[in-house]
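Trainee: Chain residues, written in single-letter form:
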Amino acid sequence: MSTDAPAVQLTDVRKTYRSGDEEVVALDHATLEVATGELTALVGPSGSGKTTLLSIAGALLGPTEGQVRVGGEDIAELSERARTSFRGKEIGFVFQAVNLVPFLTARENLLVVAEMNRSLDKAARSRADQLLDELGLGHRAKNRPSELSGGERQRVAIGRALMNEPRLVLFDEPTSALDTKLGEQVMELIRREVVDRGVGGIFVTHDTRMTHHADRTVEIVDGVLRS
Amino acid sequence: MRIALRELVRRPGRFLVVGGALTVLVLLLLFLGGLLDGLYLNSTGAVRALDADGVVYSDDARQSFLRSEITADERADIEAVDGVEAVGGLGFALLGVQIPGVDEIADGAVVGYELATGSLPEPPAPGGAHADRQLADEGAEIGHEVLVGPAEVPLRIVGFVDDTNYLQQGGLWVEPGTWRQVLAENRPDAILAEGSFQSAVVRIAPDADAEAVRAAIDAATGSTETLSQAEAIEAIPGITEQNATFTAVIGVTVFVAALVIALFFALLTLERLGLYAVLKAVGGRSSTLVAGVIAQSVLVALGAFVLGGLLTLGLLEIVPDGIPLQLEPSRAVSTLVSLTVAAVAGALVSLRRIVRIDPASAIGAGA
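So the sequences go chain by chain: A and B. Under the numbering used here, the letters of the first sequence match residues 2 to 228, in that order. Under the numbering used here, the letters of the second sequence match residues 18 to 384, in that order.
Just chain B, same shape as in the assembly (with noise of 0.2 Å):
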């Protein structure tokens, strides 16, 4: 292991190629993985931050909000059920946002809500909204009246949440009145009637069997279908496929990262027979040797990685603000570990090769 670690540090040159290839494919995953999760958070923000242990959609909606509607007798009907703690009416309206000053009109999510949460505070006060801080990013202040949609309905950003954004759109969280109002002007086809709302939020008491709670609500209500928080973050339209899409290209590129590695080092310990050859002779065992070049591979990738990290924190300084990459811890540390994974998995590739060297071939050797 020492020699390994003597080789890497004195001879950094001999790793440069498969550091550097290493080093773009980091950049690749990371890039990929905070498009991703960049993706992933803007759409589902507005699920998430429901804090929901049931989303009720009518049962012909096939699961999309803005093809549901919930009664009042079916709210009624949920509120009855046992373990059922509190209901909350939600509906969403996608349209366009004026924002005072700015020229290009701004995508918005309208949401009507009824429940705080831990990253939504009460419902403000009619004709009042609490922006998302994407709309921030794009010039929204507190006190601004921005104009939604062609009907340009005024609301006014009473404060700003984070995290709550809808298919890409940021979130403007508003009372039940203001979103029908926001609806009757904008999409009069979409209308609701009074009491009813596209979707209901549910809490269950917490002594309470959520999933029995959830079947309960659509026996009692016999025309609703009831998720949980994560079901409904996975119904979103294009969520699941993209997050298979986008998984499939990151799993891939840690196989070409493994390759890499692995073709390196199967090339390195061809050069290197006759000296692993030399050091079995004096009594070095298959699994030293293999350790050794484990070694190397992993610290070569962890390399990669801080470099590769590094250059991606560089990327996002300078990436256009449309392009929704958003680097998450999480991501960093599954990146890591599947590149270290791929690293031990690459150098396992010459296991084979050095367990076959065969010490006698250190003598008579002449080169």
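This is chain A alone, in the form it adopts within the complex (with noise of 0.2 Å):
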């Protein structure tokens, strides 16, 4: 995994999906790069393919045709099961309806991706807590999402898309729960964290009022991305 690489690079990306006898394209020849402390806006109407790209971005899916790479490492052929472990290391998700797990605190929210990482140490208690410091979270650890305000919410699900020290993170439509105060701050610490980590972001959003918090927006229709 190259430092110097960028966090993402799709390469002529093409998805297609097969409906009856007819083949769909989801993403037609997208070519997106993102550098390390960058944050990428990605826009479009519904149907557009911004789930796809970011999916395959995100080494959910892979692509039918065309190169991608997370950090140099190429990601277009990979296993599922490589995927899936190459997802617990190198990705982080934001998820629309922030998905945390209900009964569970906060720390141990963020615990669950070394849990499911089977990298649950000393040192992930740590980073755990650091995040949360970080986040103003400290106090809150032991809080479950149904005693946290939606900002709070919010922050534990960046935190855990930081868990794994990833090279990119995803996030899709951050702010959409969110009224648009709340949203603003909450952007402003996904753009502070993008930054300061040294991490690649992508976010999907509808609210156009969000994208002055990325570096450049990246339209998509169609399948087709416009920058």
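These aren't lab readings, by the way, just hints derived from the structure by calculation. Check the hints yourself; a few may be wrong.
Stated by the list, open to error - Here are some of the chain A residues that sit facing chain B, going by a computed Cβ distance under 7 Å:
hint	residue
1	T52
2	G63
3	T85
4	F96
5	R108
6	E116
7	M117
8	E148
9	L149
All C-beta atoms, glycine included, are put in the ideal place defined by N, C-alpha and C.
Take the two lone chains and join them into the complex the hints point to.
Mentor: This is the structure we're talking about:
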């Protein structure tokens, strides 16, 4: 894994699905590069291919054609098992519905990543504590999601995404469930974390008021990227 | 796994329904098993107590003690077979027993025998009887003179023995002469010639081939059928049918337990599709998630086993004496093992669904 390499590099990526006899093109020769410390906004109407692009960049899906590199490592041809392992080590996710485990505390929600990757040790626990402190949630470590505010939950989700010291963090509509003020605060936090930690970040949003937090905005329509 | 255990501890209410259903099924399994063991042990105790390497019947008796007769000549032939170490006469008489001070007549099996065993002392003096502990539970005491059969033949109880009943009837173990007297006065139609017994118990030398010796006995007499002790137990009327019936009911109950577990965890898995997709997205493997479901299933089953076991112990205290409920440690172990297998099998029903969860579905999911 090269430290100088872009966080993610998609080159001429195509993704097609079969629907009956027809071939549906979800992503059409998409090329995108996100450097380390760079935050990119991805906007586009529903069904335009945002989710597919995010899934391929996040090693959740393999492309039909093209090259996908994360931190310089080609992940396009990885097996499903290898992709799972790669995600656990190199990718961070913040999901649209936050999706914290409801019966775990904030700290345990961060440690889920380490547990799923079989790396739950003293270092992982220290990192979880450190992240919670840095995100201003040290005093909320033992609270469950139902005891946290919307903004706090989103910060826990960001902490979880950073737990595995990823190369790339993908944010799926990170402010959709928040009001404008809270949304702004969360986006400022995301920007700070991406820049300070030197990770690449892509966030999908429908809210064009949030795109000013990004270093650049990329639009996708019918599977085609437009910078 | 850790996540699954935390859910179990922090959200026990979610597992209350399946835990409750399994507790009832454990109670049913232990109750059925206890009944089977009680019926089996109380029917077969007399034969199990014989320490026999062979039990000889006349070949036209269809393996029934009451239809069988081994004559003195046949006994001599048996004793002459190579490998036969000892031969003892055996005979049964099933009769009512009047216990002093007890209004109700107890069921008794008067057994005439010659060979002492690990659980049976040497035959008592004429007129005496070693009584099964069941008769003590019904009011008999050492020194009591019980009256046997319509002819009211007196037998003095000289001691108690354990686990020696025959067909649910309390064993009264007597020397051969006393047994003949009881038969003569109560069942004149069943009386046997002096020297004859209904059956013969055979002990075979340890270095001999027991199967071959049993075959040699039948060849030597030309008129007997010799069974091993295990075969003689199976030959007791109704034992095979009783075992098969109860085993089938117990098997169906275990199957129902597996179905309950499968259904519950299948529903739980449906509810957790979003969560599992997220866990897979952050690097969780299907095997890790399935292991968590299995761990929850097995722990719920273990909890149900403990609760169901305690309820069964409580039930033993209030069940009427007439019900032959007997909870054996081996039954508890076999119930625990079958329940654990059902828990694992039931949880594995969700395996396919968990494996098929697409981690990509975590992205773009608004709910």
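Trainee: Compare the structure with each hint and give your call.
Mentor: Comparing the hints with the structure gives:
1. T52: OK, holds: T52/A within 7 Å of chain B, min 4 Å.
2. G63: For G63/A, the interface hint is violated, since the closest Cβ of chain B sits about 10 Å away, which is over 7 Å.
3. T85: holds, 6 Å
4. F96: holds, 6 Å
5. R108: violated, 12 Å
6. E116: Given a least distance of 6 Å, the restraint on E116/A holds.
7. M117: holds, 4 Å
8. E148: Where the cut-off is 7 Å and the nearest Cβ of chain B is about 13 Å from E148/A, the hint is violated.
9. L149: violated, 16 Å
In summary, the numbered hints that this structure violates are 2, 5, 8, 9.
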